[in-house]
Amino acid sequence: MQTLESTETEDVTQLPGEMPIGRSGHPAAANLKSSAQLLDIFKSVNRLLAEPGDHQDIISAVVKEITLLSDGAIGHLYLRDQSEDQLLTSGIWHLDERLDTTAFQSLTENTALERAQCMSGNVWDADKPIWISDHEKELECQRARAANDAGLKSGFGVPVRSSGNILGVLEVFYKTPREQDHELMDCLDSIGVQLGGLLSEYRAQCLTARHTKIVDQVHEIIALADSDGCIFDCNSSFLTTLGLRKERVIGRQARDFLGPPPEQEAFRNKNMADLERDGSWRGELTFPVADGSLRTFDISVVKYEDSSMLAGGRIIVGRDITENLNARESLRLNSAALNATKSAVLIVEALSPHKIVFANPSFQKMLGYKSSELVGDCLASLSHVDDNQMHLRNMLESSERDQSYQTVVQTKRKDGSVFMRKIATSPINNATGQLTHIISFSEDVTEDQKRDELLQRQATVIETMADAVVVSEPRGVILDCNEAYAQLVGIDREAIIGTNAAQYTSESSIDSPQVILDAIKSRGEWTGEAILLPRDGSERVVETRLTAITDPETKNDVIVTVAHDVTEQRKMEDHLQFQAALVKNIKEAMLVQNRDGIVIDCNDAACELYGYAREELIGMGSRHLAHPDFDVDAVFENAVPILHEHGHWTGELEIQRKDGVRITIETSSTILRDRSDKFIGWVELNRDVTERSRIENMRRLQAMVMQQLDESVVVLNLQGEIIECNAKSLDIYGYERDELIGMKAVTMVAGADSDEQEAFRQLAIRGAKDSGSLRFTTTVHRKDGRTIDVEVTYSVLRDDKDEEFARVILSKDVTESKKAKQELENTRKRLEAVIEASGAGIWEQGVVTGHSYMGPVLKDLTGYGDSFGDDISRWRTLIHPDDLPTYDARFKDWDGRKKRVDCEYRLITKTGEIRWVRSRGQIVGNDKQEMVWGVGLGWDITDEKNKDLQQEELEKRLMQSQKMETLGTLAGGIAHDFNNVLTPILGFAHLMKLDSEDEPTLQGYSEQIIGGAERARELIKRILTFSRQIEPTRTATDIYDIATEVSSLITASAPPQVSVSTTRTLDQATLAMADAGQIHQALMNLCTNSLHALDQTRGSIGIHVDAAIISQYARDSMNLQIEPGRYIRLSVEDTGPGIDPEIADRIFDPFFTTKAVDQGTGLGLSVVHGVVEAHGGAIVLDKNIEQGTRFKVYLPACPDDTRAIQPS
Amino acid sequence: MPKILVVDDEPDIRALLRIVLERASFVVSEAGDGAEALAHCKQDIPDVILTDLLMPNMNGIELLEAVAGLGIDCKFVVMSGGNLGSDPTSEIDKISKMGVFGVVHKPFDPIEVLNACVRAAANEPDTQ
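If you read the protein sequences in the order shown, they are chains F and X.
The working numbering runs 88 ahead of the 1-based position in the first sequence.
The working numbering runs 1009 ahead of the 1-based position in the second sequence.
Next up, chain X with everything else stripped away, as it sits in the complex (with noise of 0.2 Å):
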């Protein structure tokens, strides 16, 4: 069973993704921010982190950066929420560059986001 890291600030939206990842037999963990998905990587490592980009604390690309700090070897998938800051284009840039298997605009349909993890966990890139 794939284990699936769940981080955004939002509860409902973990709650959607629960049990769209938990139906395709993902083991779903949940992390509300960067920091605590950082410290839950520390302790048991998932095989795909599904996050947000736009967090309190610790933003998805910090914690792309700290995970591939600590050595870790998991795929992310990236949730935009559409705002990423004044140059978007770098940031996007940056994330393809960190190894990102995939990346899904807010608001989305779930088997888009799901389609996206099951890729991830099976370690097939989009080949879009």
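Just chain F, with the same shape it has in the complex (with noise of 0.2 Å):
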């Protein structure tokens, strides 16, 4: 808020934005009031404030009086509201009729001024007056907005004091801007207090009215009265409540009023004395008020000293509280019975948290908590004693819809045990129906609800049970029945009641009504059996009894009939009777045994078959009763599923007595089951059947045996029918049982064939009669056509009277037997044969017996022949005595066990000639392991030992030959390397020959060079000559005109003392197909050999050439290897030392020489075994020459040779 300059004043004839002058400089004597006039203002205002009237009057006056004397428009007084501390306005006013001043007195009169606020709160707060030149100036204040809007333009404010405190500010406001009147303000300021004074005064008249009004006002009964207790003044409510005038209160005593005199008398002398000593006194009083009733007062009586009364006085106050007695007094009723109810009562608050305010004694007992452990805490803090909390909602909400609310719960108490507490809760509301408690009333209904339990239970096991039970009048009217009755009368249970029981009884069953009664008053109860007549013409038995009971209700008596149906038990009693008598007459064993075999009822033949009384035999079981040998268990683990699943098990077992006779019984089991067809046991039916079972044991034995004979029985009757015949029977004849029985002995034996049949009877049934019993060979047909050869046995049979009652026939196949026969002998003979064949003879030697055998190819072998006897021992006499051990070993270290002999030694015949044999044979032993008996062949092996003997030498003859191939390739490898080596010599020696023609000496060289080279070349080609590496070219070569060209350089070379010879035999081929000069050089090395083994001696070396054909056996015997065929043969012999036989093996041997060492290569016989082996013929040293060696050459002959040719 803009400041207000208070001190400065304004000129209205400034022109807007000029400088305000300060009032020194304008002595505007205009606006100045004179003394004269400030004057005026104090007379006229002291006038009228000395002036008697209505204090509002006068300020009324005053305010007008200073408006108009100060020139101004509009006065106006606010007053200080002491409560508040603001201005309000007092509504005193004087206004310009000429002004609209309608909006600013609303203003004013709607706006309270805080201090400071606008011209009068600044003036408030500053406590002096204040003076507003120009509103246009403050029109950020709204009021003075306000009032220049309405046409003011000036004003001042002066404050209103008394006793130094501003009670109000008067405002005198200007219609133009003025400027401010120091001396008014001076004069006002002083008018402010004089006016505060009469303010004042006015206020407390205000305040006396306004109490005296608050007096009349309240309801209780005020008197003032002096201190005699006389009455001068009294409130309007005690005129009203006394039902009097003022006029008629005033100046009486007060206890005038307390009804009659002695009354009066009583107060004032029992209370006046603490008046007077405490100053004050309280009590109730009772006393006729206007209508003439008695209402009791709550009284004061106050003493008080008034400046205004000499002696004090007394201020009586009375509150009718005749009501609140009432109320009191219900109160206390309603708490007493509260207290005093069973039932648990609770007052919670209805506001949230719901405090509680109320709990009574039974709440707390019903609880186990104290009122001081309730009241006060609020019920979600009892939430924990129920089972659920939805009924403390429920409550809550039902009361706020102002409804009552029911539950029940279980409920915990302090001390853990539960209840069931039935709650009911009622809103509370107070006077203006709003809801303010709840109350609630607990019950323990924890015995209703069992008994109602119980009672429902009871209600359901009447309405369940089989019985029927029946409610009626003494006279038999029904009132009520359970669903049992009504179907047992076959009725529907509403069309019962109200009916007479007698309709649905057989009269003639039950005693009459009277007598039913009687015995129900005698004894309280009456039991009989009746017979009910049901709606569907049937009879039912009841077992019924009938008692009387008394209605709770209505007092009456009434009769309880139960009834139960026994009509299904009294036939079910009836037959088991019958069957009582019925087990009790059979013959059979009978046992009933429960689900585990134990034995609960027998009868007397049970105990008759099993030995045991009936009592012993109760309690027992099925394994109790066995034989213990008898395996019980297995039977019944067949027989109770059967039991199960037909319902019926018959079989035979076998038990033991009590003598402990062993007995076979065949019991018939029949399964018990209950009504729910549960299993709970059995009924055996046994009966003894010992003797039936071992005969039929008996008969099927034999009749096993008979099947299984390996032999055909048949029997027949007399008349010659087959009444019985066995397995083998339909084996052998080929009929299906059910066609030979019945059938005719003979058409099985001799088929359709009359002739045949007849012949039969004739040769068995006729043969049979005389000796009882014939045996036979025939051939018979069977049913299939095939015939086959059977041993028959015809016998009748007889009775102990020698009758005769049937006949049986045995038959056995033997065609197999005869075949088998057979089969033997052509063994036997086959094997005779193969023996004979293979050129052995049989031997067999009894150890022990010394018996002993020899066959006749061995007896032949001795070349004795038949004469040698069978005496083996003899045999041992021609062994060679160097293999007689081997012989004797024959049987030794027999080890118990068959032994094979195997064993070769020479035999000396009886021509002295040495035979080979071979023994081979077996020896048995006994079962004390000793030799029993030996037998086996023996061979003439001589040729076979020969033979090998030829391939030992053969064998060494090929090793040879091997020997010479791998000599041959080695050889053959080292002359090729040779030749390698020695090409560049010889090659690069003649051309050193060429080149050095004119130097003699270097040729001499060269020759000699290539000389060298060449003689190596020669035994190159010699080595490869017997390593057959140089392929002879093979023509047609007359072998005898090389060994004559050959004799003849040998002979040129030979000493003299050595002859040489070549022969041939006359008129023979010599062609060969032959390398002529491989043969030349052959034959040389022959004779120069044979000439160095003369070695100058005297001697001969004879050369011969002839023919031979060699013949397989030649070749063989010689052991050439060579094909048999036309060879001729080149022999060359000398007369020297001959080989050594010690080395013959290795004279062909490459390098084997028996020359110094730098005499020979080595070479020579290699190479002519070479040569020999190229041309596909042979060489062989003849060791069959006494003196010397001979060399034997075989060379294929030219095949076109034709002339004779020697054979070998």
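Some hints here could point you the wrong way.
Straight-line alpha carbon distances no greater than 20 Å define the calculated SDA-like cross-link-like pairs of lysine to any residue that follow [what the hints assert, rightly or not]:
id : chain 1 : residue 1 : chain 2 : residue 2
1  : F       : K907      : F       : R918
2  : F       : K1109     : X       : H1114
3  : F       : K998      : F       : H968
4  : F       : K1081     : X       : R1027
5  : F       : K1109     : X       : V1112
These are calculated hints, taken from the structure and not from any lab test.
Using the hints, put the two chains back together into the complex; each one sits in its own frame.
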């Protein structure tokens, strides 16, 4: 807010925007009030103040006077509201009628001013007058703006004071801007004080008036009395209560109103002393009031000192508490009731948190909490006692809807015990209908609930029980019945009620109603059997019990009838009796066993069968009764499932009677089931079948034996018809059993042919008549037409009286055995033939018995033939002495088991010839591991032995041949490499010779190299020859020609004491397919060797050529490795020392020599050997020569040579 | 100038033959074995091939077959070391059938080889 410059004045002439000019500078006489004027104001105001009259009028007049005297247009008085500490309008205005100040007034009246707000607020705040020269400058203040709008351009405010307190502000407004008038302000400041005094008085007056009004308004009766108790004033309530006018009250003693004089006196005597002493008294007084009724008042009498009253006075205040007392009494009674009631009561506040305001003792007792633990607490703190809290919410919601609520909850007491609590709640509303509290009544209904449940259960039991229950009047009218009864009589329950029970009962079956009633009266009940007549026309027998009870509601006697339907039971009992009679009389031993197999009942026959008394038998189990050797479990294992499946089982058991006798029983078991089809046991009917069983077993055994027989058995009746047969019969004769039974035996044996049948009759039947039994072999016809050989035994069976009663035919198929016999014979013959063909002879020697046998082959071998005899010991004498140990070892080291004998030895025959014998056989022993018997074969193996020797020779040759080939390959390889080495030597030597024609010395050297190389070449050639690396070029060559050629060469080089001759067999072919050169060399080598062998000594070398045919035999005997055929034989022999047999095998080996190291290459005979082999011929050293050496060379003859060839 | 290919695994023998053949105005090439010779033939076809029989890698017979197989037209003179294996006769027959101009046996007189080669180059079969 803009600061009000209270000290400044404003010139009305001053133009807007010009600086205001201070008071001192503007002696504006027109604005100044004269002292007289001011004095008028004082006078006028003082006059007004002095005038008697209503304070408000005076103040209004003062306001008007001041306004007018200040030349103001409008005056107004603000009053300070001390309680609110703000300025409020007093409503006292002086208004210029010409101005429209409605809005300004309205604003003023509706707005209280705070301290320092607007002009008047500032006056209050500053506690001195304030002048506003121009409202245009104060427009920020709402009131100033309103004043300006109303045409009030300037004004001032003066404080109204009393005893230094600002009581209000007097305002005056001008229609034009006006400068401050200091004198006026000072004057009015003083007047403000005067006005304050008036205002103060006015206020006191107002207060008194208000108090009086209040006193008149209150319900209490108030009276003012002097010290003597004389009433001098009272309020309206006093008058209306007592029904008196004020005139009748004033001046009277207060106690006069207390009723009759004795009571007044009593009060005065009793209480006045207290008043005097304490200065006050309070008590309840009852006295009659306007309508004559007595009412009780709460009276207070207070002494007070009043400056206006010399003796002081009394203020009597009375409040009619009659209603309160009534209410209090009512409350007291209610409380007592609440506290006394067994109903547990709890009151809670309706508003959350629902504080508990009351809990009666019953409630405390019911829950076990003290009041102090409950009251003041929230309802929520109790919530844990109940099993569910739903009811709390329901209770609150119901109460809010102004409804009651009821429920039953399970509640836990403080001690933890639990009970059923029925809670009923109601809302409590106050006078205005607002919900303030909720009251709940709790009841322990545990017992009730139990009872209800019990009743419910009983009702259910009655309803569901099988027995019929009827409640009727004593005369029989049915009041109620259960479903069982309705069903029993076959009528709907609703239809039964109200009818008489007698109509459902057969009168003849029951005592008369009077007898029944008498019985009930005397004994409390009547029991008996009655026959009910249901609607379907049947009859039901019921066991009935009638009792009388008193209906708790109607107090009438009623009859309760309980009827039990025993119709079926009676039937069953009849039936059982019948059955019992039956059981007693049956011959079979009957056992009734429970599901565990324990006997629970039996009849006399059973006791007799098992040998036990009935008491002993009952309680025994099947296992006890079974014979110890009998596997009763196995039987049961089989029987029980059958029993369960079919309800019945029949079989045999072995049991042991009490006396130890074992018997066989046939048992027939029937399963027992109860109504729910549950297995409860079984009934056995047993019969002693020991004897029957024995016979059956025997018969079965016989039948089995018969079936097992490997012989056909057929039994015939006297008519010759087959009445029994065994399996073998079917097998042998090829019929089905059905076909055989009833067939004539002759048909079975002899087929359909009547002649044969007759023959059989003759043979068998007649034959057996006399002797009783006949055995023969015959051929019979099977059903399939095949014939078989059968050995038949036909017997006639006679009984004790020698009467013929049956016949038996035993037959055995001997077809196979006949065949087998034949087979055996054949085998024997075959074996003999084989042995004969093998050339072996049989020998047999009984070691223990000394018996021996020699086959003809062996006997022939000895050369003695049959005359040798069978004595095998003689054989030993012929054995070569060297071989005797071998022979004797045959039977040595016999270990008790079969042992093969195999040995070879030489035998010296009758002619002295040595024959090799091989003996093979086996030794057979006995149980004592003794050698009992030897048997075997002996062969002459001389030829084989010889052949073996030849074979050995052959192998030796073969080895030689392989050795030669290996050496040849080796030598050939060396020769090849040598040729490679020689080639450059020889080649370059030739070149050197060519290039050194002018140098004879060098030429000579070259020739020496060439010569040496060529000798080497020759040597290699020879190696290649024996190693067959050089293939002969074979043409028809006359060997004899070569022989003579060589002969002449050798002769030339041989010393004179050696003669060389060449011969041939005349007219024999000597042409061979041969390489002449190689043969020439071979022969040269042979002759050279002979020459060397003679070694300058006298001797001769002979060469002979002839032809020979080499047969297979000759080849084998001479061990020649050539094909059989025609050969030219070239023989070279000398008379030298011969070849040492020791080295005979090695002479053809290459490099083998007997000569000194430098005298031979050792290749001579190797080359010969190589050449001959390469020709497909052979060379042998003739060992049959007594002195010297002879080689024979066989070369394949030329096939074209037709000249005779001598067979070798 | 006739071209000649000398095939032998012995360098000494090749050296000897080179001297002899070059004196007779042959243009001489050498090969250490049949495989090498065959490779040479594929590059430069000689008029005459003078070959040993027994050589490593590819022997003389195989060389003959391989050259014939390639359709190369050249004459063969064969040198034999004497060892032709288990059946020399059949080998010799085989060689003859393959159009061999001559067979010389080691060790030989060089003149003998030269004559055979000259005849081969002049396509004059040995009438002996």
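Original post:
Within a Cα-Cα threshold of 20 Å, do K907(F) and R918(F) meet the stated pairing?
Top reply: Distance ~16 Å between K907(F) and R918(F) Cα, so the pair holds.
**OP:** Take a quick look at whether K1081(F) and R1027(X) sit within 20 Å of each other, Cα to Cα.
**Re:** Given pair K1081(F), R1027(X) holds - Cα atoms ~18 Å apart, limit 20 Å.
**OP:** Take the C-alpha atoms of K1109(F) and V1112(X), compute the straight-line distance between them, and say whether it is at most 20 Å.
**Re:** Answer holds: K1109(F) to V1112(X) is near 17 Å, not above 20 Å.
**OP:** Would you mind confirming whether the straight-line C-alpha gap from K1109(F) to H1114(X) stays at or under 20 Å?
**Re:** 11 Å, holds
Original post:
Holds or violated: K998(F) with H968(F), Cα cutoff 20 Å?
Top reply: Roughly 13 Å separates the two Cα atoms, so the pair holds.
Checked against the numbered hints given earlier, the structure satisfies every one of them.
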